[in-house]
Amino acid sequence: MSWLNRPASDTQVTHGGRLWLYLVAAIVMILLVVPTLIVIPMSFSDSQYLEFPPSNWSLRWYHEYLESSKWMRATLTSIKVGILTMCIATPLGTMAAYALFVSGHRAARPVFLLLITPMIVPVILIAIGTFYAYGRVGLNNTIPGLVLAHTALATPLVMIVITSALRTYDLNQERVARSLGANPVYAFFVITLPQIKFSVMTAALLSFLTSFDEVIIAIFISGGVNATITKHMFSALRDFIDPTIAAISTILVLISTLLLLVTQYIGSREK
Amino acid sequence: MYALDDVDLEVFSGEFLTLLGPSGSGKTTLLMAIAGFNRPDSGSIRFGDTEMILTPPHKRDVGMVFQSYALFPHMTVAENIGFPLKLRKVNSAETAERVTEALATVQLTGLGDRKIDQLSGGQRQRVALARAFVFRPRILLMDEPLSALDKKLREQMQIELKQLHRQLGVTTVYVTHDQREALTMSDRIAIINHGKLAQVDTPQAIYNRPSNSFVADFIGESTILPLTLDTQERLLFEEQLVLDHLPEAFSKDNSRDWSLVVRPERISLNADSQRSENDCLVFRGEVKEFVYQGETALALVKVGKDYDISVRLGTNAASSQTMMKPGDEVNLSLSRDDVIVIPQEKTP
Numbered sequence: 070m071s072w073l074n075r076p077a078s079d080t081q082v083t084h085g086g087r088l089w090l091y092l093v094a095a096i097v098m099i100l101l102v103v104p105t106l107i108v109i110p111m112s113f114s115d116s117q118y119l120e121f122p123p124s125n126w127s128l129r130w131y132h133e134y135l136e137s138s139k140w141m142r143a144t145l146t147s148i149k150v151g152i153l154t155m156c157i158a159t160p161l162g163t164m165a166a167y168a169l170f171v172s173g174h175r176a177a178r179p180v181f182l183l184l185i186t187p188m189i190v191p192v193i194l195i196a197i198g199t200f201y202a203y204g205r206v207g208l209n210n211t212i213p214g215l216v217l218a219h220t221a222l223a224t225p226l227v228m229i230v231i232t233s234a235l236r237t238y239d240l241n242q243e244r245v246a247r248s249l250g251a252n253p254v255y256a257f258f259v260i261t262l263p264q265i266k267f268s269v270m271t272a273a274l275l276s277f278l279t280s281f282d283e284v285i286i287a288i289f290i291s292g293g294v295n296a297t298i299t300k301h302m303f304s305a306l307r308d309f310i311d312p313t314i315a316a317i318s319t320i321l322v323l324i325s326t327l328l329l330l331v332t333q334y335i336g337s338r339e340k
Numbered sequence: 010m011y012a013l014d015d016v017d018l019e020v021f022s023g024e025f026l027t028l029l030g031p032s033g034s035g036k037t038t039l040l041m042a043i044a045g046f047n048r049p050d051s052g053s054i055r056f057g058d059t060e061m062i063l064t065p066p067h068k069r070d071v072g073m074v075f076q077s078y079a080l081f082p083h084m085t086v087a088e089n090i091g092f093p094l095k096l097r098k099v100n101s102a103e104t105a106e107r108v109t110e111a112l113a114t115v116q117l118t119g120l121g122d123r124k125i126d127q128l129s130g131g132q133r134q135r136v137a138l139a140r141a142f143v144f145r146p147r148i149l150l151m152d153e154p155l156s157a158l159d160k161k162l163r164e165q166m167q168i169e170l171k172q173l174h175r176q177l178g179v180t181t182v183y184v185t186h187d188q189r190e191a192l193t194m195s196d197r198i199a200i201i202n203h204g205k206l207a208q209v210d211t212p213q214a215i216y217n218r219p220s221n222s223f224v225a226d227f228i229g230e231s232t233i234l235p236l237t238l239d240t241q242e243r244l245l246f247e248e249q250l251v252l253d254h255l256p257e258a259f260s261k262d263n264s265r266d267w268s269l270v271v272r273p274e275r276i277s278l279n280a281d282s283q284r285s286e287n288d289c290l291v292f293r294g295e296v297k298e299f300v301y302q303g304e305t306a307l308a309l310v311k312v313g314k315d316y317d318i319s320v321r322l323g324t325n326a327a328s329s330q331t332m333m334k335p336g337d338e339v340n341l342s343l344s345r346d347d348v349i350v351i352p353q354e355k356t357p
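Residue numbers (my numbering), protein chains in the order written: chain A, 70 to 340; chain B, 10 to 357.
Check before you lean on any hint, since a few could be wrong.
[Claimed, not checked] Taking lysine-lysine pairs in the DSSO-like style, the calculated list, with each CA pair at most 27 angstroms apart, reads:
id	chain 1	residue 1	chain 2	residue 2
1	B	Lys-95	A	Lys-266
2	B	Lys-161	B	Lys-124
3	A	Lys-266	B	Lys-124
4	B	Lys-297	B	Lys-314
5	B	Lys-334	B	Lys-314
6	A	Lys-266	A	Lys-149
[As the list claims (entries may be wrong)] Estimated spans, in silico, between C-beta atoms of each pair:
id	chain 1	residue 1	chain 2	residue 2	range
7	A	Val-180	B	Ser-156	28 to 36 angstroms
8	B	Asp-187	A	Pro-179	50 to 58 angstroms
9	B	Gln-353	A	Gly-173	34 to 42 angstroms
10	B	Arg-48	A	Arg-236	22 to 30 angstroms
Simulated from the structure, these hints should not be mistaken for laboratory data.
Note that beta-carbon positions come from the ideal geometry of N, C-alpha and C, so glycine has one too.
Given these sequences and hints, build the entire structure.
In structure tokens form, the structure reads like this:
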């Protein structure tokens with residue numbers, strides 16, 4: 070075990086001296102990841118009930134999911150709402166972050182905080198509030214209603230990602246471009262945007278995921294033909310325990326992980 | 010309190026004018042106002058006879074060089090320089106030609122295809138410069154463009170910028186807080202302090218005839234000595250006559266104090282205490298401190314009622330001057346031509 074005696078960093082700490090740290094990290098990771106991963110073997114079970122470990126293996130619950138028009142419609146709704154949320158929240162959040170960043174106005178900071186409140190306020194409060202507000206204007210159980218609520222959740226994320234990208238960007242570049250003859254809009258699109266484009270893509274993926282994974286607001290304001298997949302899963306869990314949930318969860322975990330990996334990859338490209 | 014207050018400045022066509030002042034004096038604010046990035050609350054900015062105060066930056070036809078260079082890292086050197094030409098819809102053949110020409114002017118021939126991150130600091134500086142003049146702007150504005158470079162390169166670039174200015178003949182407004190840079194490069198210098206113009210003049214005039222104590226103190230080294238005004242409106246220092254009349258350049262009101270500005274290199278060291286014909290003031294003093302600094306040496310000499318005068322001396326290998334030590338008695342004189350008298354607001 071010679072690696073235990075090798076230095077772990079520029080200081081004198083060896084890997085041996087850090088062993089306890091590695092153990093803690095491993096335990097934390099297991100506790101975080103295992104509950105998520107446990108659904109994967111369960112989804113390949115042949116049993117009528119959720120069971121771990123499965124006694125017999127099969128793909129029947131995946132068939133069940135793919136052949137159910139109810140589940141397919143909910144999946145489509147979720148994807149549709151996710152994409153629409155992404156398409157609205159990304160430009161909206163980018164514009165807000167950019168404007169507040171360059172303005173230097175003393176109201177910029179309070180306005181920024183105001184706009185990111187949906188991230189701070191407990192989601193259940195937003196859900197209840199939205200439900201009653203939508204009740205009055207007839208937006209409950211509609212796609213536009215869902216998209217609007219999810220946009221409110223996703224916009225703060227976009228703003229935070231874009232603001233941190235702008236912090237490392239030299240705004241004088243835009244000034245130079247303008248002095249050289251570019252109008253402000255052209256300067257933004259040709260000079261600034263290409264340099265923060267990876268952050269914009271990251272923000273877009275995050276806003277899609279925010280909507281796609283969201284369940285609390287969806288429980289309140291989505292239903293009928295416009296119920297999201299998360300809402301259906303929640304109802305299914307309450308009404309009857311069925312391994313279809315495990316199969317869907319597995320697929321969702323896969324999609325989310327994949328998107329996050331893409332985000333990470335994009336982030337590393339920008340460095 | 011304004012960032013800029015009552016600034017009335019005319020830049021002549023083809024001139025190299027430097028805005029010089031300490032940090033926070035408002036010089037960059039003034040430059041940004043000329044470029045159009047901030048709008049004064051009141052006043053007028055004219056290019057020729059055209060009022061520009063409401064014209065946005067992209068329509069002012071001004072070339073800018075920033076301290077950070079602000080090159081576009083996602084474009085090549087040639088694309089950076091070609092950017093203003095592309096915006097002016099210059100065709101690609103002419104753009105290529107003018108970019109090549111600009112690269113040659115800043116001595117970067119053949120580097121057009123480089124990425125920005127493959128350039129050294131000095132090369133980036135030159136690209137930023139080429140990009141600012143390639144479209145033949147009406148004015149070239151530079152905001153401390155050399156301050157990120159090391160001393161040697163900075164001094165070399167100062168000379169190059171001066172040559173380039175002569176070659177292009179473009180009206181240039183240059184911002185710096187470095188007085189030596191300002192003296193080296195400028196046709197005229199505008200000294201700014203607390204948002205107001207302290208003096209606008211040629212480097213020689215600014216150095217030799219500062220019009221107030223801020224300029225005298227800010228430019229070059231100086232010792233400022235208090236003068237007394239006698240009943241015949243003569244100015245005296247330690248009972249020696251400095252001027253037999255008040256300087257004409259200043260209004261003759263008695264609400265001011267008067268000071269004598271002594272440049273350390275204008276003081277001469279004498280063998281005896283004899284007053285020669287040209288001497289205005291002679292002092293006998295005691296050396297308090299003596300430091301050898303290579304090309305010159307600096308002595309701090311105590312004269313009269315405890316006034317410390319800095320004296321800068323040339324050095325050479327054989328010079329006995331390089332061997333002064335604290336406690337030595339020396340004779341100093343200041344010639345009539347080197348007398349600089351300035352008014353000073355009375356200290357309450």
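Okay, which hints does this one fail, numbers in order?
8
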